[in-house]
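According to my numbering, the sequence shown is numbered sequentially starting from 59.
What the hints contain is simulated information worked out from the structure, not anything from laboratory work.
C-beta: ideal position from N, C-alpha, C; glycine also.
Where hints are given, some of them may not hold.
Stated by the list, open to error - Derived Cβ-Cβ restraints for the label pairs, each shown as a range:
#1 P247 to F216: 33 to 43 Å
#2 L105 to E180: 34 to 44 Å
#3 L262 to F216: 22 to 32 Å
#4 L248 to R146: 23 to 33 Å
#5 F216 to K96: 19 to 29 Å
#6 G98 to S261: 36 to 46 Å
#7 D144 to I62: 36 to 46 Å
#8 W104 to Q67: 40 to 50 Å
#9 M166 to W241: 26 to 36 Å
#10 P247 to H183: 18 to 28 Å
#11 L264 to D117: 34 to 44 Å
#12 F125 to Q191: 30 to 40 Å
Stated by the list, open to error - Distance condition first, Cα-Cα at most 20 Å in a straight line; then the derived EDC-like pairs of lysine to aspartate or glutamate:
#13 K133 to D95
#14 K114 to D95
#15 K133 to D117
#16 K96 to D144
#17 K133 to E229
#18 K147 to D95
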Amino acid sequence: MGLINLLFQDPLAFVLVAVPLLYSIIIHELAHGWVADKMGDSTARWLGRLSLNPLKHLDPIGTAMLFIFGFGWAKPVPVNFNNLRDFRKGLIFVSSAGIVANIILAFMAFLCLRLLSSSPNEVLHTLLVYFAQINIMLAAFNLIPIPPLDGSKILMGFVSRKFQYSLARLEPYGFFIILGLLWLHVLDPLITFFRWAILGLISLFLP
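From just these sequences and the hints, can you work out the full model?
Printed below as a string of structure tokens:
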């Protein structure tokens with residue numbers, strides 16, 4: 059269901075869903091720019107993209123998709139990998155940053171759920187569960203090693219130039235390949251693993 063339907067049916071629920079989803083996507087992109095800045099490329103900083111202001115990150119088509127279909131994207135934070143001090147290491151670290159950010163956000167949401175379990179609030183509980191789930195899904199989705207997703211860039215950091223070029227040639231067909239993989243539910247085991255790993259880690263400290 060698209061968010062636009064939720065807006066008319068329940069404005070409060072719309073806000074509770076849209077804001078966490080929007081900022082999960084924004085923080086994912088922001089993490090790329092922040093790590094790139096630390097590793098030698100200040101492109102995102104000079105363009106004002108190291109900001110939590112959603113207006114800096116909204117993509118018109120991605121935002122429309124978010125409202126109509128319930129999923130979308132932000133403008134990718136610009137990174138000039140040639141400016142990085144170590145190209146291969148930078149490619150891996152910068153490309154991984156958004157995924158790591160989403161996993162950290164999911165961890166924080168599940169941790170809050172555990173800490174607040176003695177005094178549950180239905181709205182807050184639902185919000186935290188949704189926030190955790192959407193970040194796990196974003197992390198898993200972006201790990202798909204098909205261009206233009208982050209997983210493909212992480213893979214490029216480990217392989218030969220020849221394989222990098224071969225992988226890059228898939229980009230024109232990437233959208234359709236990714237849709238096919240989603241239709242086959244290939245992410246389900248990875249989503250389950252992330253959820254299990256995060257909850258398992260929390261249980262080590264808060265049994």
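Range hint 34 to 44 Å (beta carbons of L264 and D117) holds or violated: holds (38 Å)
Range hint compliance [Cβ, G98 to S261, 36 to 46 Å]: holds (39 Å)
Pairwise beta carbon distance, F125 to Q191, judged against the given window 30 to 40 Å: violated (20 Å)
Proposed proximity, D95 with K133 (alpha carbon, max 20 Å): This hinted pair holds, its Cα atoms lying about 17 Å apart.
Range hint compliance [Cβ, D144 to I62, 36 to 46 Å]: The hinted range 36 to 46 Å holds for D144 and I62, with Cβ atoms some 44 Å apart.
K133 paired with D117 [C-alpha distance capped at 20 Å]: holds (5 Å)
Whether the CB-CB distance between L248 and R146 falls inside 23 to 33 Å: Holds: the Cβ-Cβ distance is about 24 Å, inside 23 to 33 Å.
Supplied distance hint 33 to 43 Å, evaluated on CB atoms of P247 and F216: Since the Cβ atoms of P247 and F216 sit about 22 Å apart, the hinted range of 33 to 43 Å is violated.
Satisfaction of hint between D144 and K96, Cα-Cα up to 20 Å: holds (12 Å)
Hinted pair K133 and E229, Cα distance within 20 Å: holds (17 Å)
Distance restraint hint 40 to 50 Å, applied to the beta-carbon atoms of W104 and Q67: Holds, at about 42 Å.
Restraint status (C-alpha distance of K147 to D95 at most 20 Å): The hint holds at about 14 Å.
Checked against the numbered hints above, the structure breaks hints 1 and 12 and satisfies the rest.
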